[in-house]
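Chemist: Residue numbers (our numbering), protein chains in the order written: chain S, 1 to 281; chain D, 282 to 683.
There could be a bad hint or two in this list.
[Unchecked claim] Dumping the calculated DSS-like pairs for lysine-lysine here, alpha-carbon to alpha-carbon at most 25 Å:
#	chain 1	residue 1	chain 2	residue 2
1	D	K526	S	K200
2	D	K488	S	K200
3	D	K385	S	K197
[Claimed, not checked] Here are a few chain D residues that sit away from chain S, every Cβ distance over 12 Å (derived from the structure):
#	residue
4	H394
5	E412
6	R487
7	L497
8	E576
Just so you know, the hints here were simulated from the structure itself, not pulled from any lab data.
We put the beta carbon where it would ideally sit given N, CA and C, even for glycine.
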Amino acid sequence: MAIDIPRIPLGDGIEGGLDFLTSHYSVVTRGISRVTQSGITVLNDGLMWLPEWALMAIIALICWRVASWRLGVGAVLGLALIWNLGLWDPMIETLTLVVIATVVAVIIAMPLGVLAAISDRFYSVIMPVLDFMQTMPAFVYLIPAIPFFGIGSVSAIFATVIFSMPPAIRFTTLGIRQVPKDLIEAADAFGATRSQKLIKIQFPLSLPTIMAGINQTIMLALSMVVIAAMIGADGLGSEVWRAIQRLRPGDGFEAGIAVVILAMLLDRITQAIRKPSKKTS
Amino acid sequence: MTETDETNIKIQVRGLSKVFGSQPKKALEMRNQGKKRPEIFEQTGQTLGLSNIDFDVHEGELLVIMGLSGSGKSTLIRCLNRLIEPTEGDIVIDGQNIPSLSEKELLECRRRHFSMVFQNFALFPHKTVQENAEYGLEVRGIEKKSRVESARNSLKQVGLDGWEDAYPSQLSGGMQQRVGLARALANDSTVMLMDEAFSALDPLIRKEMQQELIELQHRMKKTTIFITHDLDEAISIGDRIILLKDGEVVQMGTPEEILTRPADDYVARFVEGVDMSRIFTANSALRPVRATARESDGPRTVLRKMSDNGLDSIYVIGRDRTLLGIVSVDDVDAAARAGKDTINELIQNDFPKAGPDEPMNNLFAMFNDKSYPIAIVDDNQRLLGVVVKGAVLEKLAEAGEH
Chain S
1 MAIDIPRIPL GDGIEGGLDF LTSHYSVVTR GISRVTQSGI TVLNDGLMWL
51 PEWALMAIIA LICWRVASWR LGVGAVLGLA LIWNLGLWDP MIETLTLVVI
101 ATVVAVIIAM PLGVLAAISD RFYSVIMPVL DFMQTMPAFV YLIPAIPFFG
151 IGSVSAIFAT VIFSMPPAIR FTTLGIRQVP KDLIEAADAF GATRSQKLIK
201 IQFPLSLPTI MAGINQTIML ALSMVVIAAM IGADGLGSEV WRAIQRLRPG
251 DGFEAGIAVV ILAMLLDRIT QAIRKPSKKT S
Chain D
282 MTETDETNIK IQVRGLSKVF GSQPKKALEM RNQGKKRPEI FEQTGQTLGL
332 SNIDFDVHEG ELLVIMGLSG SGKSTLIRCL NRLIEPTEGD IVIDGQNIPS
382 LSEKELLECR RRHFSMVFQN FALFPHKTVQ ENAEYGLEVR GIEKKSRVES
432 ARNSLKQVGL DGWEDAYPSQ LSGGMQQRVG LARALANDST VMLMDEAFSA
482 LDPLIRKEMQ QELIELQHRM KKTTIFITHD LDEAISIGDR IILLKDGEVV
532 QMGTPEEILT RPADDYVARF VEGVDMSRIF TANSALRPVR ATARESDGPR
582 TVLRKMSDNG LDSIYVIGRD RTLLGIVSVD DVDAAARAGK DTINELIQND
632 FPKAGPDEPM NNLFAMFNDK SYPIAIVDDN QRLLGVVVKG AVLEKLAEAG
682 EH
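Isolated chain S (complex conformation):
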């Protein structure tokens, strides 16, 4: 038996809102688009300009310095495999998108995280928003990205930033809130201002937690950048996407393995940065 309650036009409303935004704020979106695109181009061209062996050496050196020589060797082997499979250029494109998306996400997330740590009211507002952002299926972000920024890498970055930002906000808030109360009291007792407390005490002490959040953000960004191939983002994702369309599981796995290698390198490097060298702890 059908009950005659009119369907709530939720989808229509959202579309209307998005239409309004695209038509009235296209100046803004086009501006963002241009800036982001040029950022992508510069970074991508820069990484491409370096010979493969040089970039491999740089990454291996970073691995060795921040983590261990073993990771350095692993990096060389992994990157050599990617090069050998002919996936070097898509790998660089993916890396570019991840780096830019992460930087943007972190720049937005930091102040929000700090604000949520200081203000209980803002905390209670932003936490459900973050839940929403994280549980919404990732693909959904791709759709509004297209009317805003068109098909391509900028849309991919837009969707990636939204998808990967929540952990950076959460961990920043968590880290700052976890700073022991007695240290805050000590800072207060000596007459520290709010910003002095934040910059000199809370921020440095929560840095390991914040780095854990950034690590999560990078991992989410990588997974989203691959999915974003569906709206025309370049990189390893588009290799996978093409393999699906042509039903070539071998190609798909090759690209997939390249993603895994990249993910492991990024993860290990950021984790190593997170745990600062033993002598200062």
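Got chain S; can you put chain D on it based on the hints?
Modeler: For chain D alone, coordinates are given in the frame of chain S:
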């Protein structure tokens, strides 16, 4: 503890109350009707943390605020620099009423007047010992060079030179609290607040730190407010003690006043556990010397002084009242008969002598066979008075009653 301190009041606390809860007015009304803390809590759910506290802090003194946990002592010390907002009352420091300061003035006031030492040290784990000691100055925006210098200086004061580059986690508890102390000293604030500063340390280190604090305090004359739950600690370091119970002042006075004249049963019970003979010092049984001989006096003058005062021995003092020794009536009499005109070679030194801070139980053992009294002299060997056996016994008996 000297009389002149009375006139120099550093902080004046009047009618200070603190209610924890959302309806402080109601709680204070009940308080004004004579209700006590438990009753107020039962009826309103508000905790009366402090009620109508009045006291003065004198310039340069070491004031101990003592009470059991829940007595409000931590609340009180935090109300002084407004780490906890007082509900009502005045706290006047150098003419400024702290509760009425604006946010900005409060910061300024904290920076200038207060530095604090915490029970659990509250050192910044990401900063070196040196950087921790610099913290107060850094907050005040003092330039790096003079900051480094004062921090080094205060680290030296607490015996931590050589540890500047270590991190707090590398130090023992006692050393960590030294850093806490150095951080407070480097700031050169006018008042030092110490919140159970030694309670987390083991007993030996604790005694050592107490001694060092006393020395430091004597040397620097820094007004210090020290919180403790330990009466022994309060007595051994305090110039004056304020006893708190259930957020009210029960008694205020010097350690000796509190020990000998407890204001009520509560204080008396507190005091019971203290070894009184250790607390009383020579000073409390001091009697003036009836007569002294000068080194230039001849035997006949000395004999006269002795017979006038009914003495069979007399102290000989030099200029500035420095104690030279003692002569006995037999020797002086013999010298007079022999026609000598000085008593110099008669002076003996086999008599007991002690400083004014000597604990009473040590004095008792010093009385010797000749039954001379104990001469009490100051650091410059000047004769302050004597302690006789009877006075010591009397004081010890008095102590035994409590």
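Chemist: Of all the hints given earlier, name the ones this structure violates by number, lowest first.
Modeler: Hint check: 1, 2, 4 and 5 fail, others pass.
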